[in-house]
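Enquirer: Letter by letter, the sequence shown follows residues 3 to 71 in this note's numbering.
Note that these hints are calculated values from the structure, not bench results.
Hints may contain errors.
What the hints assert, rightly or not - In silico lysine-lysine, DSSO-like type, Cα no more than 27 Å apart, as pairs:
hint, residue 1, residue 2
1, 14, 4
2, 15, 4
3, 37, 15
4, 67, 37
5, 15, 67
6, 14, 37
7, 65, 4
8, 14, 65
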Amino acid sequence: MKTVYDIQQYLKKFGTIIYIGDRIADLELMEAELKELYQSQLIETREFQTALLILRHEIQMEKDKRQSR
């Protein structure tokens, strides 16, 4: 996994499609869903950590964008 799109495709394998329309809310829901999958032991630690890092970075970039407007 290298992008948010990769994470979306990964979550689709588990039947999860997230789209609210608010980019930050979408990313936070993806993070919550990944945590659920990890706690249920359905995904590996490495995949979870990588996806979390990507999502948190993207969330921070989106927040910085909104603040600079």
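Enquirer: Is the Cα-Cα distance between residue 15 and residue 67 27 Å or less?
Expert: Measuring from Cα to Cα gives roughly 31 Å; hence the hint is violated.
Enquirer: Assess, step by step, whether the Cα of residue 65 is no farther than 27 Å from the Cα of residue 4, and give holds or violated.
Expert: At roughly 20 Å apart (the allowed maximum being 27 Å), residue 4 and residue 65 satisfy the hint.
Enquirer: With the threshold set at 27 Å, check whether the alpha-carbon distance from residue 14 to residue 37 stays at or below it.
Expert: holds (15 Å)
Enquirer: Would the pair residue 37 and residue 15 pass a check requiring their Cα atoms to be no farther apart than 27 Å?
Expert: holds (15 Å)
Enquirer: Taking 27 Å as the top limit, are the C-alpha atoms of residue 15 and residue 4 close enough?
Expert: holds (17 Å)
Enquirer: Below or equal to 27 Å on CA atoms is what counts here, so check residue 14 against residue 4.
Expert: holds (16 Å)
Enquirer: For the pair supplied as a hint, residue 67 and residue 37, is the alpha-carbon distance within the 27 Å limit?
Expert: holds (26 Å)
Enquirer: Does residue 65 lie within 27 Å of residue 14 when you go C-alpha to C-alpha?
Expert: holds (26 Å)
Hint 5 from the list above is the single one not met by this structure.
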